[in-house]
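Student: Residues per chain, in single letters:
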Amino acid sequence: MREIEYREAIREAVIEEMDSDEKVFLIGEDIGVYGGAFRAYKGLIDKYGPERVINTPISEAAIIGAGIGAALTGYRPIAEIMFIDFTTLTMDQIVNQAAKIRYMTGDSLNVPLVIRTQGGAGRGVAAQHSQSLEAWFYHVPGLKVVMPATSYDVKGLLKTAIRDDNPVMFIEHKMIYLNKGPVPEEEYTIPFGKADIKREGEDVTIFAYSNMVFKSLEAAGELQKDGISCEIIDPRTLVPLDIEAIISSVKKTGRLVVVSEACRRGSVASDISAMVTEEAFDFLDAPIKIVAGLNTPIPYNSTLEQASIPHAADIVKAVKEIVKK
Amino acid sequence: MREIEYREAIREAVIEEMDSDEKVFLIGEDIGVYGGAFRAYKGLIDKYGPERVINTPISEAAIIGAGIGAALTGYRPIAEIMFIDFTTLTMDQIVNQAAKIRYMTGDSLNVPLVIRTQGGAGRGVAAQHSQSLEAWFYHVPGLKVVMPATSYDVKGLLKTAIRDDNPVMFIEHKMIYLNKGPVPEEEYTIPFGKADIKREGEDVTIFAYSNMVFKSLEAAGELQKDGISCEIIDPRTLVPLDIEAIISSVKKTGRLVVVSEACRRGSVASDISAMVTEEAFDFLDAPIKIVAGLNTPIPYNSTLEQASIPHAADIVKAVKEIVKK
Amino acid sequence: MTNISKEAKIEMLKKLIEIRRFEEKTVQLYQTAKIWGYLHPSLGQEAIAVGACSAITGDDYIVSTHRGHGHCIAKGANLNLMMAELLGKATGYCKGRGGSMHIADTELKMLGANGIVGGGIPISVGAGFSCKMDGNGKVVICFFGDGASNNGVFHESLNMASVFKLPVIYICENNLYAISMCSRESVACKNVGDRASSYGMPGYIIDGNDLTEVYETVKKAADDARKGNGPSLIEAQTYRWGGHHPNDPGAYKDKEEADYYKKEKDPVVNFKKKLMAEGIITDRDIDKFEDEIKKMIDDSVKFAEESPEPELDKFLEEVKQI
Amino acid sequence: MTNISKEAKIEMLKKLIEIRRFEEKTVQLYQTAKIWGYLHPSLGQEAIAVGACSAITGDDYIVSTHRGHGHCIAKGANLNLMMAELLGKATGYCKGRGGSMHIADTELKMLGANGIVGGGIPISVGAGFSCKMDGNGKVVICFFGDGASNNGVFHESLNMASVFKLPVIYICENNLYAISMCSRESVACKNVGDRASSYGMPGYIIDGNDLTEVYETVKKAADDARKGNGPSLIEAQTYRWGGHHPNDPGAYKDKEEADYYKKEKDPVVNFKKKLMAEGIITDRDIDKFEDEIKKMIDDSVKFAEESPEPELDKFLEEVKQI
Ligand SMILES: Cc1ncc(C[n+]2csc(CCOP(=O)(O)OP(=O)(O)O)c2C)c(N)n1
Ligand SMILES: Cc1ncc(C[n+]2csc(CCOP(=O)(O)OP(=O)(O)O)c2C)c(N)n1
Ligand SMILES: [Mg+2]
Ligand SMILES: [Mg+2]
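Protein chains in written order, with our numbering: chain B, 111 to 435; chain F, 111 to 435; chain H, 13 to 334; chain Y, 13 to 334.
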């Protein structure tokens, strides 16, 4: 199968959906000639014109509001917030408006809005441009949260997100836009709420999403050398969550390591751990281990930056603490 | 000891600190003649004048920014955001600025800012005025998170918050402003990071904070009738967290129920559960139970509103599921 | 307003009265605890809602606020469904989930009240994009208060609407107060309407208690918008008769000023007088309207009271789908 | 600028050159990957930083932006500590934790650069309250870009600063671009400076490439602020010479316009010429300044390169204290 970059997969998804549904449009900062901060929209302004590729002033709350208003009146906007760190300027619109409108209005209105953004550390862009904030959105009823790791997943899930009738937080990771991965030529979509087993194994379940899938794969490779067989579950969508897939893997392996780049305190990782503890306590042969970011603003210095987020070695260590072979 | 209302305890703390430190001032909406939405500042405008009781336009981000800027330049502001739901408009200022400034600037600057706000359901004020959003702030390194339940706690902790050299999210609950509780006449403060055992017991540990302390006390009373003895741990401050107190109680009881009014998914409750699982797995005689809010925007209708948050009966049920007597 | 039919004028008067009586009833129901939570009556501001909504068509959108009953009624909302919602009933506009601050109606192109001050302003931008893309001359009216005009979203939204020449009419109901904060103290320039110049759009400062003036100004702004000339900002000056909500005595308000507005600037009374002076209606007509409206409102209360509460089981099922 | 001493003028020229050469060096270090992350050089905008900071005193505050090196240097920052920070070293202004976008210095009353566009504007309000409460005539300069002027915080902050008559000077550096978005397209009114009227404050629209004009305007605004007359808004029109950052070729920019600014409006060259015309300096002086500054900058690079990295163990300890 051909291999394409993650950002190219995004672009393909957008093009396919814009071609098949004239109600789909793009709105955000520097998405015109600039093609978006990570160039995922390269050339789209030429293809669709400024009516469907709306390049806005630096007005994040109004970008989301524009998305909501258009969604309420028949369109399917994809609103882009350049860094997840800037969603801080839009939380009222995302949380009090987009997420709640359908419910609050007794299903009178609904908001088919995709909010594309990206997070994560690794580029030396420091504390205000490197956060992993998915836990916030995960905590808000009414939002779906999608965090695809591979080119295949990002394409299929973005198409599903665009077709969804309710708001979707679509969170990418700044370190993987240039990763290449297999993507079929034919059209496909990926349903929400269906985890993907990124590697099958017997001894321990590793739950990981977004860029941490790759760190986990690396760790699993290492651990294999010591005869430890890891099963890697990538939920792909945090809301809805394929909890069955996690539980059934844990029932098989009896052990769970939960990995997340976000700061450990109050992370999604904790939530997964709590859920598994409550639902599969009797199948656990060891305490659940969490491998997550340190509770720190991300430092600029590269060594410190790297030290504040998980690496394969941290996952290896955690696995070895609960798997004795 | 005399008993005073929760809001009166807030007022006393503010008065004492304003009297002893001229750098302390108040800023927020309708805190002048109106005395604040819950009248905690009644009369303060007359006592301190509009220079120290600054009644602002509806500009939440600027309110927090004003607090930060004043804090950076030698003052100790208490900025009020009327409802925690409106902190959505201030997340950049709280999260990207206040929380990170000291760290990012290599300790050059620091932000002695208290952000007072209130959350919670129960007043029929629906989805945009009833949220429990502490999990967001709990997840952000650089913020302290204080959630006092009683008049005693709110007074002592607010004084500590005002004296703290770093930003503090001080989160009250709208249903408890009129609760009365004992407060000594003499001055006192309560250190951050020290849990309070609101009731001692043997069979199960109940972790609860803010208004859920009262629901837990009610449940414990019920359970006593069935011979089940509950220990209620109120952390009072979520950050810093007195994890030792929780672990040592769990070591004694072997069982844990974590209670939080916030939506279950991604809640602080999950985090507590995960931490205890990782650190005290071998002392657990039963799965940890979480009693939390439903994953729903809070409905207006009173019956539904009540159904979406935990009650004593839910806590009783959870305890009985893991304590067999 | 010379080119308005007698019938249309009478319709407007009826709407004014309908809002007035509806709000009076909700205050009463609030005081007897049938309605709870937050209630923000629009008493004294009726001419803005009616003047504005009469100047647009049923296909045009409106975006409302926490003080939104008047906007709903002026746009044609069903009183039964409104009242049922205020009583938290399953038959209400929001199935009892939203209450006063969240009423919406797709068919009426009513994009929702809002509990967040200014929260609807950015949404109007999106509705504006949508009208522009549809290209069939629809417009959006976005209501908000003087208090909201100090919030950041006001700025972002008006700027963006103007940059893209969106067909949105921004109507600031300056009722002099945002809870206890007087707009003379919170708005740093003289008039909210002056802010239009920051966005390169026409600004109008009008007497919001004069239905005719509201109607004509909105009509002009809507015509401009339909022609592709972009948004306008209208400051409709009015007065909040009551406190912020029924439990607020409004002690911070100037008593003389309050009296002045109630006595001299009552939008309902003045429009009534005007139509009488024009010979369009008589005292008897008014009595008839009042009777009809009283019945509608009594019926709505009856409907609401007799309506079922939302079912708990259904709620628990629905929650799983969120 | 007639009442400015020769020495002061020379100081300003030196600062202009210092910024110019510093920025050139950082671009070079970025291209050789000694500096990484985000770097936003202020090449072409030097006159604003220097003119503004020279018009206030060491006790006055400044609030800066992501494009803040010029502001720091103009306020007197130590080049060694700046360069060390850009290289992520333990000796840097932020101990290597912050990088280019977070430099701050309490002693210099430099309240921080900011990675969030507009993020510093609300902070200036608080610094303004503080100066007002202190009552000793201090002022705050708040720098921000044309892009930032479209963000909600601009509106809230300028309104609040004006309502409370805070001593803040708002300086919008309109360098025509916000990344790829031209301010002619993003700002719905003609000039950002026109927005002052929305906040009842004086607005100035000036040539930001002319140091004298910047200096005099800021001086006037600062005088007003110190007298208790409240804030001002100054739009200093300038041009971003480079792309948004060193990796951005700026393909969206008009080439002729770029050439015009570089050739005709170079703030450093023009001020140099002016001082020469005034007979205050000669070519030889300039060569001397250039040499001195080159040495300072080379020294700063040496200092930075020889400085230790932050210690990992210490970091892990520090994290526990967050
Ligand atoms: C963002 C936000 N801040 C504060 C509030 C609390 N609040 C509700 S209504 C109100 C006053 C609004 O004033 P205005 O916009 O003038 O509308 P009015 O009430 O006069 O109709 C305030 C402060 C809120 N709901 N949302
Ligand atoms: C709130 C926010 N939105 C977007 C960005 C990304 N960004 C960084 S600089 C910039 C352009 C800023 O333009 P302007 O304010 O004119 O300053 P300039 O870069 O021209 O100095 C943008 C969009 C950001 N850092 N913060
Ligand atoms: Mg008002
Ligand atoms: Mg710019």
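Misleading hints may appear alongside valid ones.
One side of the interface only, derived from the structure: several residues of chain H facing chain B at Cβ under 10 Å [stated by the list, open to error]:
| id | residue |
| --- | --- |
| 1 | G88 |
| 2 | N126 |
| 3 | I133 |
| 4 | S136 |
| 5 | C143 |
| 6 | A173 |
| 7 | E329 |
| 8 | V331 |
No lab work stands behind these hints: they were computed from the structure.
We put the beta carbon where it would ideally sit given N, CA and C, even for glycine.
Student: If a hint holds in the structure, say so; if it does not, say that too.
Tutor: Status of the hints after comparison with the structure:
Checking H/G88 against chain B by beta carbon gives a least distance of about 15 Å; that is not within 10 Å, so the hint is violated. Annotation: H/N126 was flagged as interfacial toward chain B, and the flag holds, the nearest CB pair being 8 Å apart, inside 10 Å. The interface hint given for H/I133 is met, as the beta carbon of that residue sits about 7 Å from the closest beta carbon of chain B, less than 10 Å. With 10 Å as the threshold, the beta carbon of H/S136 comes within range of chain B, its nearest partner Cβ sitting at about 6 Å, so the hint holds.
Nearest Cβ of chain B to the Cβ of H/C143: about 8 Å, under the 10 Å cut. The hint holds. Hint status for H/A173 relative to chain B: holds, with the closest Cβ pair at about 9 Å, below 10 Å. A cut of 10 Å between beta carbons decides the hint on H/E329: the least distance to chain B is about 13 Å, and the hint is violated. Of the supplied interface hints, the one on H/V331 holds, with its beta-carbon coming within about 8 Å of a beta-carbon of chain B, less than 10 Å.
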